[in-house]
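Engineer: Sequence:
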Amino acid sequence: MVAVQTRFRRFAVLSILALLAPGLAVAAPLPADLAAAAHAYDEAQVHGDRAALERLVADDYVLVNGAGQVQDKARLIADYVTPGFKLDPFTIEEPVEKVLGDTALLGGRVNMTGTDSGQRFALVVRFVDTWARRDGQWRVVYSQVTRVAKP
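So the sequence shown is residues 202 to 352, counted in my numbering.
Treat each hint with caution, since some may be false.
Stated by the list, open to error - Cβ pair distances, simulated, as ranges:
#1 Gln338 x Val282: 17 to 25 Å
#2 Ala252 x Asp317: 19 to 27 Å
#3 Asp261 x Gly302: 15 to 23 Å
#4 Gly309 x Glu255: 19 to 27 Å
#5 Ala229 x Gln320: 19 to 27 Å
#6 Asp261 x Pro352: 36 to 44 Å
#7 Asp303 x Ala241: 30 to 38 Å
#8 Asp303 x Lys351: 22 to 30 Å
Claimed, not checked - With a cut-off of at most 30 Å between alpha-carbon atoms, the simulated DSS-like pairs for lysine-lysine come out as follows:
#9 Lys287 x Lys274
#10 Lys274 x Lys299
#11 Lys351 x Lys287
#12 Lys299 x Lys351
Simulated from the structure, these hints should not be mistaken for laboratory data. Treat the numbers as computed from the prediction; the structure is a model and nothing was measured. Just so you know, even glycine gets a beta-carbon here, dropped at the ideal spot from N, CA and C.
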């Protein structure tokens with residue numbers, strides 16, 4: 202009888218741990234090459250680095266911007282390198298990082314500030330960038346941006 206109770210307790214404890222394990226798991230760090238690409242992409246946006254944007258953004262890239270407009274790679278890059286446009290350095294708050302094999306979703310909340318045609322701007326957005334590893338290199342293939350309403 203004692204052996205049966207011991208086995209039952211062991212089974213019960215293991216069952217509870219199995220149910221709780223997904224919630225207790227610590228998120229794995231991003232693969233180093235993806236983290237480096239994401240950092241380079243953020244820096245390229247801030248510095249209007251055309252060469253880096255050309256390298257990091259897929260040719261078939263699609264952006265759905267905060268106004269609901271669809272843009273391609275050429276338009277995205279043109280926006281960042283336009284004379285008179287300057288994005289201030291930013292920090293991604295409430296980051297979202299999901300890696301699914303050769304695809305990754307990276308996003309979060311950003312307080313964007315900068316200058317456009319001599320006028321300061323400030324807005325808060327939530328975004329997600331979809332990354333795909335192609336030919337051994339991570340590239341952004343899709344982005345969705347949503348403006349956060351002012352309280």
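Engineer: Work down the list of hints and note, for each, if the structure agrees.
Structural biologist: Each hint tested on the structure:
1. Range check, Gln338 to Val282: about 21 Å between beta-carbon atoms, so the 17 to 25 Å window is met.
2. Remark: the range hint 19 to 27 Å for Ala252 to Asp317 is upheld by a beta-carbon distance near 22 Å.
3. Range check, Asp261 to Gly302: Cβ separation about 19 Å, and the 15 to 23 Å hint holds.
4. With their beta carbons about 24 Å apart, Gly309 and Glu255 fall inside the hinted range of 19 to 27 Å.
5. Distance hint check: the CB atoms of Ala229 and Gln320 are about 42 Å apart, inconsistent with the given range 19 to 27 Å.
6. Between Asp261 and Pro352 the Cβ separation comes to about 37 Å, which falls inside the hinted range of 36 to 44 Å.
7. Between Asp303 and Ala241, the C-beta spacing of about 18 Å breaks the proposed range 30 to 38 Å.
8. A hinted range of 22 to 30 Å for the beta carbons of Asp303 and Lys351 is inconsistent with their spacing of about 38 Å.
9. At most 30 Å may separate the alpha-carbon atoms for a hinted pair to count; Lys287 and Lys274 meet this at roughly 18 Å.
10. Of the pairs offered as hints, the one joining Lys274 and Lys299 holds, with about 23 Å between alpha carbons and a cut-off of 30 Å not exceeded.
11. Distance hint between Lys351 and Lys287 is fulfilled; the C-alpha atoms sit about 23 Å from each other, no more than 30 Å.
12. The hinted pair formed by Lys299 and Lys351 meets the criterion: a straight-line CA distance of about 28 Å does not exceed 30 Å.
Comparing the model with each earlier hint shows violations of hints 5, 7, 8; every other hint is respected.
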